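Asker: The task is simple: from the sequences and hints, build the whole structure.
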Amino acid sequence: MTRSGGATTPSRGTPTPSGGTPTGLRLYRPRVSTWWWTRKRSYLVFVMRELSSVFVAWFVVYLLFLVHAVGRGEAAYLRFLDWAASPWVTLLNVVALAFVLLHAVTWFALTPQAMAVRVAGRTVPPVHIIAGQYTGLVVVSGFVLWLVTR
Amino acid sequence: MADSIRLRVSRYRPDTDPEPHWQEYDVPLRKEWTVLDGLNHVKNEVDTTLSFRWSCRMGICGSCGMNVDGEPRLTCATFLSDHAPGPVTVEPLANFPVVRDLVVDLSDFMAKLPRVKPWIIHPDDHRTVEPDVEYLQTPEQLDAYKQFSMCINCMLCYAACPVYGLDPEFIGPAAIALAERYDLDSRDRGERERLDVLVEHDGVYGCTFVGECTRVCPKHVDPAAAIQRYKLKAAMETVKAFLLPRGAR
Chain A
1 MTRSGGATTP
11 SRGTPTPSGG
21 TPTGLRLYRP
31 RVSTWWWTRK
41 RSYLVFVMRE
51 LSSVFVAWFV
61 VYLLFLVHAV
71 GRGEAAYLRF
81 LDWAASPWVT
91 LLNVVALAFV
101 LLHAVTWFAL
111 TPQAMAVRVA
121 GRTVPPVHII
131 AGQYTGLVVV
141 SGFVLWLVTR
Chain B
1 MADSIRLRVS
11 RYRPDTDPEP
21 HWQEYDVPLR
31 KEWTVLDGLN
41 HVKNEVDTTL
51 SFRWSCRMGI
61 CGSCGMNVDG
71 EPRLTCATFL
81 SDHAPGPVTV
91 EPLANFPVVR
101 DLVVDLSDFM
111 AKLPRVKPWI
121 IHPDDHRTVE
131 PDVEYLQTPE
141 QLDAYKQFSM
151 CINCMLCYAA
161 CPVYGLDPEF
171 IGPAAIALAE
181 RYDLDSRDRG
191 ERERLDVLVE
201 HDGVYGCTFV
211 GECTRVCPKH
221 VDPAAAIQRY
231 KLKAAMETVK
241 AFLLPRGAR
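Protein chains in written order, with the working numbering: chain A, 1 to 150; chain B, 1 to 249.
Just so you know, these hints were derived from the structure itself, not from any lab.
Quick caveat, the model's predicted, so the values are computed rather than measured.
Take the hints with a grain of salt, since some may be wrong.
Here are a few chain A residues that face chain B, going by a calculated C-beta distance under 7 Å [what the hints assert, rightly or not]: (1) Leu-27; (2) Ala-57; (3) Trp-58; (4) Asn-93.
Only some residues are given here: those of chain A computed to face chain B with a beta carbon under 7 Å [what the hints assert, rightly or not]: (5) Leu-25; (6) Arg-26; (7) Tyr-28; (8) Arg-29; (9) Val-32; (10) Trp-36; (11) Thr-38; (12) Phe-46; (13) Gln-113; (14) Ala-114.
Just so it is clear, CB atoms sit at the ideal spot from N, CA and C, and this is done for glycine as well.
Answerer: Laid out in structure tokens, this is it:
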């Protein structure tokens, strides 16, 4: 059987009992602080990206409210518009938009890592994958804009 | 440039210390000196009781990984001058139990690594093929996995991974990258066996794509990419299992 680089030979020693080494020494087990994500900018961006999913969910709920109001007639739709124009809903939507943009930008940036696209035996450069997503975003946004303003 | 720099080193002696504490050493600041050179200076000239691991001094053996100023680094590839004027904090790799001073216990990884079967699995092994028969590979086939084969098991990715810190059951970045390395090898047929291990709750789905493993990797292995590709592969298998008749999978 052929073996080649990468892994070391797996250790076949005695499993370490919890709390000590095979030599019986006392191990110090560091604890992760609750605030670990404030320690580094990259950790913070990650946690914000995770949090952004809550705001994505909010926009789905908001859209359902809109569709529901439209379905119930003009009066309900106007009531919905009044509610949507109230300061707290506007503020919530502005914050949600910021998070959704963060969500899109960060996930677009990560896509080339998750997908190795090969065309005609060659790896597609990451920048092309990211550009493809932004192109898709522009096309879809343009279509939606055309749909609501025509 | 000042002629010395202060190292702030985490000390832990299991026989006397209830927990780690800081000890400071002034070491010569030379342009070509790494953090490891500084530690060796301390060990040789100042305090022989300081414990740390190292071997090759050239980023190959993967044994001198420590947290330098809070970042997991190979100390042999981290120059003191880049951390001037100091002090430079040197701690054991995060997320691992500390054995003594800067030495951590890696037995958790050693137990996890063989679970992903990081070796070539092929039905035609040496029992059925002549011993001198080679598995030929084209340069393109080599390129497919080469990046993931550069792993030196230095554990920087585990020290950078908050998921591993919070849930030590997580099989972790390097082990998954090595699974991907063998999956992508044209000589290997073990994809199914590894996938069965990695779709478990402590496998790829533990990863939330923080991406720090890739950022700290000194060999540009990109474990985060390996993990996300595994998730995609697992998802495709699930879809196939749902849509296709048994024989076509």
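Asker: Hint by hint, say whether it matches the structure.
Answerer: Hint check:
Of the supplied interface hints, the one on A/Leu-27 holds, with its beta-carbon coming within about 4 Å of a beta-carbon of chain B, less than 7 Å. Interface restraint check: A/Ala-57 against chain B, minimum CB-CB distance 17 Å, threshold 7 Å, status violated. Given the 7 Å rule on beta carbons, the hint for A/Trp-58 is violated: about 21 Å separates it from the nearest Cβ of chain B. For A/Asn-93, the suggested interface contact is broken, since its CB lies about 27 Å from the closest CB of chain B, more than 7 Å.
With a least beta-carbon distance of about 5 Å to chain B, the hint placing A/Leu-25 at the interface is held under the 7 Å criterion. Interface restraint check: A/Arg-26 against chain B, minimum CB-CB distance 4 Å, threshold 7 Å, status holds. The criterion of a C-beta within 7 Å of any C-beta in chain B is met by A/Tyr-28, whose closest approach is roughly 4 Å, and the hint holds. Checking A/Arg-29 against chain B: minimum C-beta separation of about 5 Å stays under 7 Å; hint holds.
For A/Val-32, the interface hint holds, the least distance from its beta-carbon to any beta-carbon of chain B being 4 Å, beneath 7 Å. A cut of 7 Å between beta carbons decides the hint on A/Trp-36: the least distance to chain B is about 6 Å, and the hint holds. With a least beta-carbon distance of about 12 Å to chain B, the hint placing A/Thr-38 at the interface is violated under the 7 Å criterion. The closest approach between the C-beta of A/Phe-46 and any C-beta of chain B is roughly 5 Å, which is under the 7 Å cut-off, so the hint is satisfied.
With a cut of 7 Å, the hint placing A/Gln-113 at the interface with chain B holds, because the nearest CB-to-CB distance is about 4 Å. With a cut of 7 Å, the hint placing A/Ala-114 at the interface with chain B holds, because the nearest CB-to-CB distance is about 3 Å.
Going down the numbered hints, you'll see the structure goes against 2, 3, 4 and 11, while the others check out.
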